[in-house]
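Colleague: Sequence:
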Amino acid sequence: MSEYRNLIDVISKGAESFINIFFKCMDNNRDILHQFYRPFSTIVWNGNAFVGLSYAEFVKRLPNSHHEVQSFDCHPIISSMNQDGTCTIILVVSGSVQYGNESQLRGFSIWKDQELII
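Read in the UniProt record's numbering, the sequence shown has 57 at position 57, and its numbers run on one by one without any break.
Rather than coming from a laboratory, the hints here were simulated on the basis of the structure. Check before you lean on any hint, since a few could be wrong.
[What the hints assert, rightly or not] Label pairs and their in silico Cβ distance ranges:
1) Phe40 to Gln104: 31 to 37 Å
2) Arg106 to Gln35: 21 to 27 Å
3) Leu33 to Ile77: 21 to 27 Å
4) Asn46 to Arg5: 36 to 42 Å
Every residue, glycine too, gets a C-beta built ideally from N, C-alpha and C.
Can you make the complete structure from the sequences, with help from the hints?
Modeller: Put into structure tokens, the structure is as follows:
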């Protein structure tokens with residue numbers, strides 16, 4: 001059981017680092033944001049699906065933003081663990097975002113699954 005707890009600790013710390021980097025890029029450096037995704041990943045934004053560089057073009061057109069992460073939750077998918085040390089995780093992030101000069105904060109939720117090498 002301690003091996004599982006160690007895995008949870010590693011994944012939680014990695015998720016927190018990922019979140020900090022991802023939202024810093026979302027707010028300040030969108031040109032590299034597409035690099036967080038595989039070229040064939042489908043990203044759904046308010047019901048609109050984007051694949052590859054079409055997502056990069058979409059986020060470049062968004063107004064400036066400021067994200068505040070309020071919570072995140074991540075879990076390893078144990079059934080996906082392989083002997084080669086890879087494991088899939090699910091990460092869910094929630095918070096608020098402000099676009100441009102809007103005074104209104106909007107809520108957001110993002111979930112991502114990612115294969116990691118542990």
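Colleague: Assuming the hint says 21 to 27 Å, is it satisfied by the Cβ distance from Leu33 to Ile77 or not?
Modeller: holds (25 Å)
Colleague: 31 to 37 Å was suggested as the range; check whether the CB atoms of Phe40 and Gln104 agree with it.
Modeller: Taking Cβ atoms as reference, Phe40 and Gln104 lie about 35 Å apart, which means the hint holds.
Colleague: Note whether the CB distance of Arg106 and Gln35 lies within 21 to 27 Å or breaks it.
Modeller: holds (25 Å)
Colleague: Verify the CB-CB distance for Asn46 and Arg5 against the hinted window 36 to 42 Å.
Modeller: Given about 37 Å between the Cβ atoms, the range holds.
In terms of the numbered hints stated before, the structure departs from none.
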